[in-house]
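Build the full structure now, drawing on both the sequences and the hints.
Given next are the chains, with one letter for each unit.
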Amino acid sequence: MKFVHIARNTFRESVRDRVLYNLVVFVLLLVVAAVVIGRIAVGQEAKIIVDAGLSAMTVFGLLIAIFLGLGLVTKEIEKRTLANILSKPVRRAEFILGKYLGLSLTLLVNAVVMAVAITLALLYAQGGADSLQWRLWPTAFLLWLELLIVTAVALLFSCFSSPALSALFTLLVFLIGRWSLDLKLFAETASSPATRWLSRALYHLLPNLANFNFINQTAYGQVVPWQLLVGNTAYAVCYIAAVLAAAVLIFERRDFK
Amino acid sequence: MIPALAIENLTQDYTTGFWRKRSLRALDGLSLRVEAGEVFGFLGPNGAGKTTTFKILMRMQRPTAGTARILGCALDDLAMRARIGYLPEQPYFYDYLTAREFLLYCGVLCDLPKQAAAARTETLLAQVGLTEAAAQPLRKFSKGMLQRVGLAQALINDPEMLFLDEPMSGLDPLGRREVRDLIARLRQQGKTIFFSSHILTDVEAMCDRVAILHRGRLVESGKLSDILKARSNELEAVISGVNETALAALRGFALELQPTPQGARVRLRSDRDLARLVDITQQAAGRVVSLNPVRESLEDLFVREITGQVNDP
Ligand SMILES: Nc1ncnc2c1ncn2[C@@H]1O[C@H](COP(=O)(O)OP(=O)(O)OP(=O)(O)O)[C@@H](O)[C@H]1O
Ligand SMILES: [Mg+2]
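Protein sequence lines correspond, in order, to chains A and B. Position 213, counted from 1, in the first sequence is what this note's numbering calls 213; the numbers after and before it change by one each time, with no gaps. Position 278, counted from 1, in the second sequence is what this note's numbering calls 278; the numbers after and before it change by one each time, with no gaps.
Hints are supplied without guarantee of correctness; some may be wrong.
Unchecked claim - Quick list of the computed label-pair ranges, beta carbon to beta carbon:
1) B/Gln90 / A/Leu175: 52 to 60 Å
2) B/Gly72 / A/Phe256: 19 to 27 Å
3) A/Leu249 / B/Asp208: 36 to 44 Å
4) A/Val116 / B/Thr11: 56 to 64 Å
5) A/Gly221 / B/Ala82: 51 to 59 Å
I should point out that these hints are in silico values taken from the structure, not numbers from a laboratory. Where a beta carbon is used, it is the ideal one built from N, C-alpha and C, also for glycine.
If you want it as structure tokens, here you go:
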């Protein structure tokens with residue numbers, strides 16, 4: 001259970017490094033948006049707040065997931081704090097898991113506060129309770145799951161590649177993952193067999209993130225179907241487990257000279 | 001009895017250079033044993049391979065060849081890890097934690113229950129003189145204070161064996177004394193201590209045995225007094241309050257004479273010249289301040305070993 005202590009410490013680090021200050025920026029933006037939109041787009045406010053709010057949540061979360069995800073392990077190597085951990089009765093796998101869960105917790109706190117902020121903005125804009133105010137929560141949950149996948153990918157890359165390259169790769173994985181349906185289509189229709197094979201391999205290897213983005217539908221009044229919620233959760237858990245297992249395999253073999 | 005530390009034929013190569021790969025042998029077939037209850041000094045000039053040895057023992061890197069066992073266990077034995085403590089050469093810790101939080105964290109990572117870790121933290125903070133600074137974040141600590149935190153975290157689990165990579169570095173004279181006393185106390189409690197250093201006086205005062213490493217090879221091991229040969233019967237006298245004529249007279253038979261602000265430092269061939277030195281000094285109304293047998297220094301020893309190696313076929 002030592003990964004719990006490591007997770008706690010990782011969470012504490014992000015709090016003390018003022019990562020959660022991004023929430024202040026987010027809330028300010030949302031307040032300004034709610035007020036301004038109320039003036040210029042009468043009747044559309046709720047839709048725009050949900051759309052803009054959840055999109056901003058994705059961007060902010062993505063920045064945290066990529067940059068903090070990359071630093072989870074590399075910072076401990078560079079600052080030589082890893083020497084202290086490895087000399088103690090801690091498995092390298094426990095270390096990776098703890099670091100990962102710590103950042104997941106940071107992302108969760110971040111997501112919850114943002115969703116609360118959006119809900120309050122809606123309450124203000126709609127002038128009372130509305131079903132949209134709870135319907136955005138499953139959508140926010142899916143976005144959090146998506147960020148968890150991105151974090152795991154960033155962690156994996158950082159185990160064998162330089163921070164700059166890892167950031168680039170992770171961003172690419174996110175973008176391609178978001179457009180995975182197009183990738184699938186491309187795989188089916190590409191003319192050369194090599195391209196077809198490559199795009200099919202990528203489609204299966206990279207995370208399928210298209211299903212996690214339900215922002216638009218939510219803004220237009222749809223509810224996330226429970227099948228999608230369950231399916232995506234199962235998918236995220238399996239995908240993250242596989243990626244973390246790969247990260248542990250690489251990390252176990254590494255020398256820190 | 002199982003040795004506390006058994007290193008067999010440990011070899012570590014580093015490859016350097018990106019385009020033109022070159023291999024550097026930082027450790028070359030190092031073998032040594034440390035018995036339980038010993039204070040063992042691991043000596044060598046800069047770049048000898050001391051830190052490399054510690055890093056292998058602490059699972060930071062795997063050796064190119066060779067094996068090591070601590071307390072009779074393999075290096076990745078977690079139960080063994082809970083019975084040892086380690087002070088890294090450059091103690092960099094989480095700078096966002098306070099000293100107290102950091103020690104607590106180390107405690108729970110070493111399998112201590114929370115209460116025990118908390119109690120142990122307070123004891124150690126007092127022991128290394130950091131009680132007042134305990135609530136400050138480590139980023140505000142000086143190098144010597146960090147070194148003390150490092151020592152405290154190495155002791156958090158009350159380990160049977162301690163690995164200290166240059167425990168004296170960065171400490172003021174008082175701090176060095178405290179560490180020396182601490183090591184003496186730990187030895188009395190029956191702990192085994194394996195530490196590296198290049199400061200001879202510290203080593204002499206504390207060690208049962210030493211090993212001397214040079215360019216990754218073991219060049220000597222054993223009791224320090226046996227290793228450092230007394231250089232024949234030479235004596236060194238420090239005198240004060242003598243005039244130039246006296247110094248001129250001393251130059252007549254001294255092996256070496258270095259004037260100092262108060263008098264001179266005189267090296268004599270043997271105690272047969274001592275009476276003459278005392279006579280001359282007293283006639284000049286001076287004083288003999290100190291008298292010591294000339295012993296080989298650690299530097300001399302390194303020089304001897306290195307040239308000895310060069311002469312080897
Ligand atoms: N990461 C590394 N990559 C390449 N070479 C290294 C690396 N670490 C150490 N070395 C080399 O290995 C040799 C031994 O280094 P090591 O740090 O073990 O010496 P040391 O005995 O601890 O020296 P000091 O007394 O200065 O601390 C040196 O020649 C050093 O240049
Ligand atoms: Mg060193």
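Out of the numbered hints, which ones does the structure contradict?
1
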